[in-house]
Amino acid sequence: MSLLTEQIKGCIGLALPPVRFEVSRNDIRKYAVATGQRQARFLAGDEAPLMFLFSVLMPVLPLDQLREDGHCPDNPLLPELPLKRILAGGSRYQVHGRIYPGDVLVCRQSLVDIHEKQGSDGPLIFLVFENRFENEAGEPLVIEHLTRIAR
Amino acid sequence: MNMAIPEVGQALPERQYTPGTVQLFLYNAAIWNAHRIHYDLLYAQDGEGHPGLLVDGPLQGDWLTQLLYDWMGADDLLLAFEYSNRRAAYLGDVLTACAEVEAVEHRDITFTLRIVNQHGQATTVGRATVRRA
Chain A
9 MSLLTEQIKG CIGLALPPVR FEVSRNDIRK YAVATGQRQA RFLAGDEAPL MFLFSVLMPV
69 LPLDQLREDG HCPDNPLLPE LPLKRILAGG SRYQVHGRIY PGDVLVCRQS LVDIHEKQGS
129 DGPLIFLVFE NRFENEAGEP LVIEHLTRIA R
Chain B
939 MNMAIPEVGQ ALPERQYTPG TVQLFLYNAA IWNAHRIHYD LLYAQDGEGH PGLLVDGPLQ
999 GDWLTQLLYD WMGADDLLLA FEYSNRRAAY LGDVLTACAE VEAVEHRDIT FTLRIVNQHG
1059 QATTVGRATV RRA
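Residue numbers (the numbering used here), protein chains in the order written: chain A, 9 to 159; chain B, 939 to 1071.
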């Protein structure tokens, strides 16, 4: 019997309001130093490495809204599931262009798939989120598919 | 500038990472992540049952891209990248990032990527495709 109710499957296609942000040279430089980057163009902030995008989606919330473990409240696209432990399942990026300081990007985040599999220790629910980073003209620069696993 | 196309099976130069508390602090500040398992040892041990401070999964993903960026020429393009974290990595681990050519199609080169700890266990695996200019 499937764990995925019609209510859960009905969450497929839900999206958050688009997030607009400007890429900052100083943020790129900090990120490059913190990751141990060696390439001069990233260390100078002349271009952002791909994984810099991970940092721009972290919500900036008041301290009293953070959880006891320091985390932000979970993604509002995450439906109520019968399996409660949520694990990172990895990310897949399609890259269509480079990211430069001063670029104004729009990220559109949506829940694009929910499916279940039988794992060795029981059922697993896979949730696939799409983060679509576009430039101001609406052209995709990077499309990320991020998988989270409930067990 | 046209750069050489590698052969299937060819490995890129490995890179070793031994992150310390300062790097974990700076990384989590840069990505605005306050999860205490990365900087609060007592919480990581008593609150979540870890033996030490955890090395972020996405940081290891970044390290895999660094192998590629260090090898790529200025006009080469990173077309695709994926990674997943397979086991926890802790402060004090010696983490080695490795890449090997899996396939070559015209000027598109696909790599298999992994990070292994000092016990030879993969903590993160991945794949990427680069287009040579």
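Read the hints as simulated data drawn from the structure, not as lab findings. Careful: at least some of the hints might be erroneous.
Taking lysine to aspartate or glutamate and the EDC-like style, the derived pairs with C-alpha atoms no more than 20 Å apart in a straight line are [unchecked claim]: (1) A:Lys38 x A:Glu14; (2) A:Lys92 x B:Asp1008; (3) A:Lys38 x B:Asp1008.
Interface residues of chain B toward chain A, partial, derived using beta-carbon atoms under 10 Å [to be verified]: (4) Gly999; (5) Ala1012; (6) Leu1029; (7) Val1063.
For every residue, glycine included, the Cβ atom is placed at its ideal position computed from N, Cα and C.
Here's how the hints hold up against the structure:
no. : hint                : in the structure
1   : A:Lys38 x A:Glu14   : violated (44 Å)
2   : A:Lys92 x B:Asp1008 : violated (40 Å)
3   : A:Lys38 x B:Asp1008 : holds (19 Å)
4   : Gly999              : holds (6 Å)
5   : Ala1012             : holds (8 Å)
6   : Leu1029             : violated (15 Å)
7   : Val1063             : holds (9 Å)
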